[in-house]
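Visitor: Here is how the chains run, residue by residue.
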Amino acid sequence: MRTLDTSPVRLSPLYKERIDRLHTDKLKMNDIKMKVFDHLNFDDWGFVYFPDFKFTPEPNGPDGLVYGYRAIGKNFRRYLCEIPQYIHPASALGGAWIGQLTDFCRIGLPPEDDIDPETRACWAKYHTYPGFGGMNHCAGDINIGLSLGWGGILKKLRYYRELNAPADPAFYDGEEDLVLGIQTWVKGIADHARALAAGSASDEERANLLDIADMNDWLVENPPRTFREACQFLAHFQSVDRMYYVGGALDQLDEKLRPYYERDTEAGILTDEMAVWCIASLFFNDTHYSQIAGLTPDGSRDMTSRMSFIVLDAMHAIRIPVNIAVRVSDKLNETLLRRSLEYTIADGTGVDYSCNIGIEQGYMRNGYPEGLARQRIKVGCNWCCVCGHEYPLQDVTRANMGFALYWALQDIRKEPDKSTERLFELFKKHTQIIVDSIKRGYDRHYEVMGKDRPEIVYNLLMYGPVERGLNCSEGGVDILNFNIDGVALATVADSFAAIEQRIEREHRLTWEELFEALDANYEGYEPVRLMLKNINRFGSPDSLAEPWALRIRDFFVYACKHEGTPKHHLMIIPGLFSHGAIGEYGSRLPATPNGRKNYEPISHSNEPDPGFANGLNTFSPTLKASAVAIAQPGFGNSAPLHLDIDSEMLDKEGGIEALMALIHTHNHQGGTLINLNCLTKETLLEAHEDPSTHPDLLVRVTGYSAFFASLSKDYRQQIVDRFLSRESQS
Amino acid sequence: MPSGQIFNIQRFSVHDGPGARTTVFFKGCNLRCLWCHNPESFSPKPDLEFNPQKCIGCGTCFRVCPQNAHTLDASGRHTIDRTQCQHCLVCADQCYAGALKAVGQTVDTDYVMKQILSDKDYYDRSGGGATFSGGECMLQLEFLESLLLSCREASVSTAVDTAGNVPFESFERILPLTDLFLFDVKAADPVRHKELTGVSNERILSNLHRLRDAGARIIIRSPLIPSRNGDQIEGIARILRDIRPELVELLPFHKLGSSKYAALDLPDPCLDEAIPDKDTVDRVLQILRSAGLNARKS
Numbered sequence: 044m045r046t047l048d049t050s051p052v053r054l055s056p057l058y059k060e061r062i063d064r065l066h067t068d069k070l071k072m073n074d075i076k077m078k079v080f081d082h083l084n085f086d087d088w089g090f091v092y093f094p095d096f097k098f099t100p101e102p103n104g105p106d107g108l109v110y111g112y113r114a115i116g117k118n119f120r121r122y123l124c125e126i127p128q129y130i131h132p133a134s135a136l137g138g139a140w141i142g143q144l145t146d147f148c149r150i151g152l153p154p155e156d157d158i159d160p161e162t163r164a165c166w167a168k169y170h171t172y173p174g175f176g177g178m179n180h181c182a183g184d185i186n187i188g189l190s191l192g193w194g195g196i197l198k199k200l201r202y203y204r205e206l207n208a209p210a211d212p213a214f215y216d217g218e219e220d221l222v223l224g225i226q227t228w229v230k231g232i233a234d235h236a237r238a239l240a241a242g243s244a245s246d247e248e249r250a251n252l253l254d255i256a257d258m259n260d261w262l263v264e265n266p267p268r269t270f271r272e273a274c275q276f277l278a279h280f281q282s283v284d285r286m287y288y289v290g291g292a293l294d295q296l297d298e299k300l301r302p303y304y305e306r307d308t309e310a311g312i313l314t315d316e317m318a319v320w321c322i323a324s325l326f327f328n329d330t331h332y333s334q335i336a337g338l339t340p341d342g343s344r345d346m347t348s349r350m351s352f353i354v355l356d357a358m359h360a361i362r363i364p365v366n367i368a369v370r371v372s373d374k375l376n377e378t379l380l381r382r383s384l385e386y387t388i389a390d391g392t393g394v395d396y397s398c399n400i401g402i403e404q405g406y407m408r409n410g411y412p413e414g415l416a417r418q419r420i421k422v423g424c425n426w427c428c429v430c431g432h433e434y435p436l437q438d439v440t441r442a443n444m445g446f447a448l449y450w451a452l453q454d455i456r457k458e459p460d461k462s463t464e465r466l467f468e469l470f471k472k473h474t475q476i477i478v479d480s481i482k483r484g485y486d487r488h489y490e491v492m493g494k495d496r497p498e499i500v501y502n503l504l505m506y507g508p509v510e511r512g513l514n515c516s517e518g519g520v521d522i523l524n525f526n527i528d529g530v531a532l533a534t535v536a537d538s539f540a541a542i543e544q545r546i547e548r549e550h551r552l553t554w555e556e557l558f559e560a561l562d563a564n565y566e567g568y569e570p571v572r573l574m575l576k577n578i579n580r581f582g583s584p585d586s587l588a589e590p591w592a593l594r595i596r597d598f599f600v601y602a603c604k605h606e607g608t609p610k611h612h613l614m615i616i617p618g619l620f621s622h623g624a625i626g627e628y629g630s631r632l633p634a635t636p637n638g639r640k641n642y643e644p645i646s647h648s649n650e651p652d653p654g655f656a657n658g659l660n661t662f663s664p665t666l667k668a669s670a671v672a673i674a675q676p677g678f679g680n681s682a683p684l685h686l687d688i689d690s691e692m693l694d695k696e697g698g699i700e701a702l703m704a705l706i707h708t709h710n711h712q713g714g715t716l717i718n719l720n721c722l723t724k725e726t727l728l729e730a731h732e733d734p735s736t737h738p739d740l741l742v743r744v745t746g747y748s749a750f751f752a753s754l755s756k757d758y759r760q761q762i763v764d765r766f767l768s769r770e771s772q773s
Numbered sequence: 216m217p218s219g220q221i222f223n224i225q226r227f228s229v230h231d232g233p234g235a236r237t238t239v240f241f242k243g244c245n246l247r248c249l250w251c252h253n254p255e256s257f258s259p260k261p262d263l264e265f266n267p268q269k270c271i272g273c274g275t276c277f278r279v280c281p282q283n284a285h286t287l288d289a290s291g292r293h294t295i296d297r298t299q300c301q302h303c304l305v306c307a308d309q310c311y312a313g314a315l316k317a318v319g320q321t322v323d324t325d326y327v328m329k330q331i332l333s334d335k336d337y338y339d340r341s342g343g344g345a346t347f348s349g350g351e352c353m354l355q356l357e358f359l360e361s362l363l364l365s366c367r368e369a370s371v372s373t374a375v376d377t378a379g380n381v382p383f384e385s386f387e388r389i390l391p392l393t394d395l396f397l398f399d400v401k402a403a404d405p406v407r408h409k410e411l412t413g414v415s416n417e418r419i420l421s422n423l424h425r426l427r428d429a430g431a432r433i434i435i436r437s438p439l440i441p442s443r444n445g446d447q448i449e450g451i452a453r454i455l456r457d458i459r460p461e462l463v464e465l466l467p468f469h470k471l472g473s474s475k476y477a478a479l480d481l482p483d484p485c486l487d488e489a490i491p492d493k494d495t496v497d498r499v500l501q502i503l504r505s506a507g508l509n510a511r512k513s
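From first to last, the protein sequence lines are chains A and B.
Using our numbering, read the first sequence as starting at 44 and increasing by one per residue.
Using our numbering, read the second sequence as starting at 216 and increasing by one per residue.
I should point out that these hints are in silico values taken from the structure, not numbers from a laboratory.
For each residue, glycine too, the CB sits at the ideal point set by N, CA and C.
Please note that a few of the clues may not be correct.
[Unchecked claim] Here are some chain B residues pointing at chain A (derived, C-beta under 8 angstroms):
1. P217
2. I221
3. I224
4. P267
5. I271
6. C273
7. D334
8. D336
9. K470
10. G472
11. Y476
12. N509
13. R511
14. S513
[Unchecked claim] A few chain A positions that, by computed beta-carbon distances, are all more than 12 angstroms from chain B:
15. K59
16. T67
17. F96
18. E155
19. T269
20. T308
21. N564
22. R572
23. R631
24. G658
25. L705
26. S735
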């Protein structure tokens with residue numbers, strides 16, 4: 044067995060200069076985008092902005108609506124044929140996406156396929172994000188694409204069209220149109236590269252562009268043969284994927300590229316620095332999510348290879364938003380973990396850490412075998428998927444438990460006998476109403492999405508949809524899971540604890556005084572607000588809020604899990620994830636008994652609120668990590684731990700080892716995902732005050748990384764609050 | 216069960232001994248180092264901190280104080296007459312804004328052990344443990360002894376962070392229970408030591424030698440405040456050359472304690488002190504290393 048080469052890749056001036064140009068131009072492109080869009084709260088997404096491009100769709104429904112395989116396939120093909128081409132001359136790869144098809148084309152559901160009005164009214168009452176109609180958040184197996192190429196995929200479609208001879212061949216019509224569009228677009232990349240080469244004054248640049256032209260010519264019909272061609276194919280895929288509902292899943296990057304890397308290096312046609320350049324170019328193309336490392340399906344070894352180190356080196360070299368997760372396990376290569384942390388400390392942020400124990404053992408609790416659970420890898424913002432085999436629809440619902448509490452409070456104020464126990468019963472009732480309404484929506488989703496708004500891109504890279512002629516959401520793939528994410532856990536738990544402590548235990552406040560203060564949005568009741576806020580909140584040792592958080596978590600999980608959807612009995616997997624949009628989720632929620640005022644943000648995922656540490660116990664990463672670990676939803680969907688650590692704290696011998704211990708311990712405590720930033724207070728505050736002072740400051744917002752300067756003020760404030768909460772003790 | 220007065224529990228501390236640690240800060244100290252960044256540790260009793268920027272002007276403290284210690288001065292500024300305050304801390308209990316805060320709490324061994332053991336997994340993976348600091352943790356010897364014993368029973372590695380100004384009999388009691396001493400050496404000359412800390416260093420250095428002779432594992436921690444003890448570094452190096460500790464950690468002055476002096480209405484003796492720059496720190500480290508010491512910046 045060969046010894047694994049873990050050394051950092053040394054870049055020669057040629058490749059360093061190329062990657063530096065990509066970095067610099069990404070900043071320039073981002074600056075232009077900020078001038079136009081003001082902010083981008085998700086991540087960079089890698090798109091190249093062409094302000095003058097226009098596309099006129101051909102609708103097949105009322106009011107410009109486009110729906111169904113045929114109409115979507117036809118319009119998508121036209122779109123691919125019309126979009127302008129882009130190639131960065133320093134990149135190893137050609138092509139870019141310039142915006143979503145849906146920016147120009149209203150793809151949706153015809154009115155007759157909508158959910159019933161009563162359910163819609165329920166969603167409005169509870170400010171529910173129902174997940175009905177949710178797109179992407181599933182993942183293909185990129186091996187299907189790498190082994191077949193676009194031409195092979197087309198042949199496969201035609202083979203199964205003939206074999207299945209469906210009464211309505213709309214599936215094959217739509218998918219075929221998409222692939223034909225992709226092929227035209229790929230040919231366009233080749234032609235554009237050749238045209239750029241003809242006009243280039245630089246021999247080196249011309250040679251690169253001609254290589255890109257040759258690669259893309261080949262890839263129109265054929266599968267990739269080399270490492271660089273494989274990367275080019277992935278750039279095609281991730282560009283097309285983004286164009287359709289900003290899909291973002293890219294599979295196990297190190298392991299899927301490893302055979303190409305080993306073959307090419309053995310043949311002497313690829314060096315490590317060329318590989319770093321290709322991966323950096325792939326990152327320049329887009330911020331798709333992928334995983335490196337992790338256990339093999341049989342659990343016998345960690346998959347870390349030389350490719351894993353090359354992926355890290357590419358991320359470190361280009362220093363732009365990149366979404367790579369390292370899968371943590373006891374067998375994880377410790378040098379890879381250490382290197383990833385060194386790069387995070389150097390760059391401010393880097394990879395995130397997907398925890399195998401919480402993810403895999405949790406997924407097994409749904410009835411899946413361990414070998415399958417190990418293959419459920421992190422390919423989304425917070426979420427994991429068995430790539431190519433599972434439709435795991437995650438991160439598209441928000442069951443806002445803050446509203447369940449709000450309506451429970453409205454109920455209890457009419458009752459003569461008030462107690463936290465009674466309030467909890469009412470809270471459970473409203474939580475169940477929210478969860479049931481989402482389940483009804485998922486039944487409808489299952490019925491109509493295939494025919495109205497199919498996963499036309501992912502279907503191509505999954506096992507089953509093409510073979511069966513079915514969308515992945517309706518039996519195209521074997522594994523169907525529907526996620527429901529609860530939000531506002533700490534907001535609600537702290538509210539219950541504040542009532543218990545101040546009203547029931549200490550008698551410092553009455554229920555009537557509480558309602559008066561809430562009704563007034565605490566205006567004129569600031570001492571009451573602070574009395575309620577400054578309890579030992581969730582996350583503090585000895586907090587009354589922790590038992591409440593666990594009861595709330597347990598009931599929410601039960602409400603989701605004790606039965607599937609009412610009509611089709613679809614499997615539900617509960618989660619506790621809020622993405623970064625806690626401002627939006629709080630924007631309609633009136634004041635809550637935890638001292639939160641009207642319409643202020645709610646708490647994040649299952650995390651304690653910033654500033655939770657109190658009294659004797661100063662904030663520490665482990666205090667927060669323990670709270671996040673103990674309140675996991677427990678069925679394999681991630682509830683992330685966000686750690687914003689002062690890099691000065693780590694600037695001593697043993698700092699990295701302490702972080703490594705923290706990551707492994709969180710894994711063993713049942714945590715599922717760690718998002719890490721290493722910043723200094725000064726840098727963060729300067730960048731918050733004037734983002735232009737630090738245009739290249741990278742941060743991990745939640746499961747995704749972004750330029751700090753690209754975020755809206757509200758999102759920037761979240762990061763600052765998280766960071767400064769270490770200092771806030773009240 | 217032994218109990219003691221502490222003012223802070225800091226988890227995931229990477230500055231108080233090897234690995235990730237939980238540091239328990241004891242209240243009460245018999246030194247008064249001019250640069251101390253934990254002035255709340257001076258008194259063995261609870262203190263009242265006041266942070267006026269958090270005050271919402273509700274007036275509760277004026278109403279509840281039995282000593283009428285809360286007053287408004289001529290300019291309408293909320294002040295505390297510290298000579299009247301009996302440290303009953305009723306005002307802090309009623310101050311929901313957190314402007315008035317009680318610092319220090321009596322806790323028993325079980326309580327502290329529960330906090331320490333919460334992070335045991337982190338210690339085991341990082342080679343860390345629990346550090347007892349202060350203030351001067353050795354002034355609450357029974358409590359310290361009880362915690363050290365409990366840690367040993369729970370297989371938690373321990374460190375005692377001390378300024379060393381206690382009878383050596385105190386060290387003898389905890390020596391068998393302690394894995395590591397973080398021992399402060401602040402100045403070499405006894406007169407200068409007294410000027411800077413309020414006490415001479417003769418007993419401290421004697422204890423240090425006797426600890427060394429007893430085979431204790433010792434890391435030396437030396438603060439660096441150039442205008443105060445900058446002239447003591449060569450002398451410290453000479454002392455330590457004889458001790459041969461496994462490590463000397465240099466603690467450059469910082470200003471994180473300034474706001475605490477203000478909150479306690481105490482004068483900050485190092486208010487205008489400059490933070491030593493990297494060159495200064497490197498130069499001092501070089502002096503220590505030239506004496507054959509394994510020295511680094513903390």
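Visitor: Against this structure, judge whether each hint is valid.
Guide: Status of the hints after comparison with the structure:
With 8 angstroms as the threshold, the beta carbon of P217 (chain B) stays out of range of chain A, its nearest partner Cβ sitting at about 17 angstroms, so the hint is violated. Contact between I221 (chain B) and chain A, as hinted, is supported at the beta carbon level, the nearest pair being about 7 angstroms apart and thus within 8 angstroms. For I224 (chain B), the suggested interface contact is upheld, since its CB lies about 5 angstroms from the closest CB of chain A, less than 8 angstroms. Taking 8 angstroms as the C-beta cut-off, the interface hint given for P267 (chain B) is violated, the closest approach to chain A being about 13 angstroms.
The closest approach between the C-beta of I271 (chain B) and any C-beta of chain A is roughly 5 angstroms, which is under the 8 angstroms cut-off, so the hint is satisfied. With its C-beta approaching chain A no nearer than about 5 angstroms, C273 (chain B) sits inside the 8 angstroms limit, and its interface hint holds. Checking D334 (chain B) against chain A by beta carbon gives a least distance of about 5 angstroms; that is within 8 angstroms, so the hint holds. For D336 (chain B), the shortest C-beta to C-beta distance to chain A is roughly 4 angstroms, which falls under 8 angstroms, so the interface hint holds.
Among the interface hints, the one on K470 (chain B) is violated; its C-beta lies about 14 angstroms from the nearest C-beta in chain A, farther than the 8 angstroms criterion. For the restraint placing G472 (chain B) at the interface with chain A, the shortest Cβ-Cβ distance is roughly 14 angstroms, beyond the 8 angstroms limit, so the hint is violated. Using the Cβ-Cβ criterion of 8 angstroms, the hint placing Y476 (chain B) at the interface with chain A is not satisfied: the shortest such distance is roughly 17 angstroms. Interface hint at N509 (chain B): violated, since its Cβ lies 11 angstroms from the closest Cβ of chain A, which is beyond the 8 angstroms cut-off.
A hinted interface residue such as R511 (chain B) counts as satisfied when its beta carbon comes closer than 8 angstroms to some beta carbon of chain A; here the least separation is about 7 angstroms, so the hint holds. Against a cut-off of 8 angstroms between C-beta atoms, the interface hint on S513 (chain B) holds, since the closest Cβ of chain A lies about 7 angstroms away. The claim that K59 (chain A) lies off the interface holds: its Cβ sits roughly 28 angstroms from the closest Cβ of chain B, which is beyond the 12 angstroms cut-off. The claim that T67 (chain A) is not at the interface with chain B holds, since no C-beta of that chain comes within 12 angstroms of its own (minimum 30 angstroms).
Separation of F96 (chain A) from chain B is adequate, the least Cβ-Cβ distance of about 50 angstroms exceeding the 12 angstroms criterion. Every beta carbon of chain B lies more than 12 angstroms from that of E155 (chain A), the smallest distance being close to 56 angstroms; the non-interface claim holds. No beta-carbon of chain B is positioned within 12 angstroms of the beta-carbon of T269 (chain A); the least distance is around 42 angstroms. For T308 (chain A), the requirement that its beta carbon stay farther than 12 angstroms from each beta carbon of chain B is met, with the minimum near 35 angstroms.
Against chain B, the non-interface label of N564 (chain A) holds: every CB pair exceeds 12 angstroms, the least being about 16 angstroms. Interface exclusion of R572 (chain A) from chain B breaks down, the closest Cβ pair being 8 angstroms apart, not more than 12 angstroms. Remark: the non-interface label on R631 (chain A) is consistent with the geometry, its nearest Cβ contact in chain B lying 27 angstroms away (cut-off 12 angstroms). Its beta-carbon lying about 7 angstroms from the closest one in chain B, G658 (chain A) breaks the requirement of being farther than 12 angstroms from that chain.
Non-interface status of L705 (chain A) relative to chain B is broken: a Cβ of that chain comes within 12 angstroms, the nearest being about 6 angstroms off. The beta carbon of S735 (chain A) is kept farther than 12 angstroms from every beta carbon of chain B, the shortest such distance being approximately 28 angstroms.
The structure is inconsistent with the numbered hints 1, 4, 9, 10, 11, 12, 22, 24, 25, although it conforms to all the rest.
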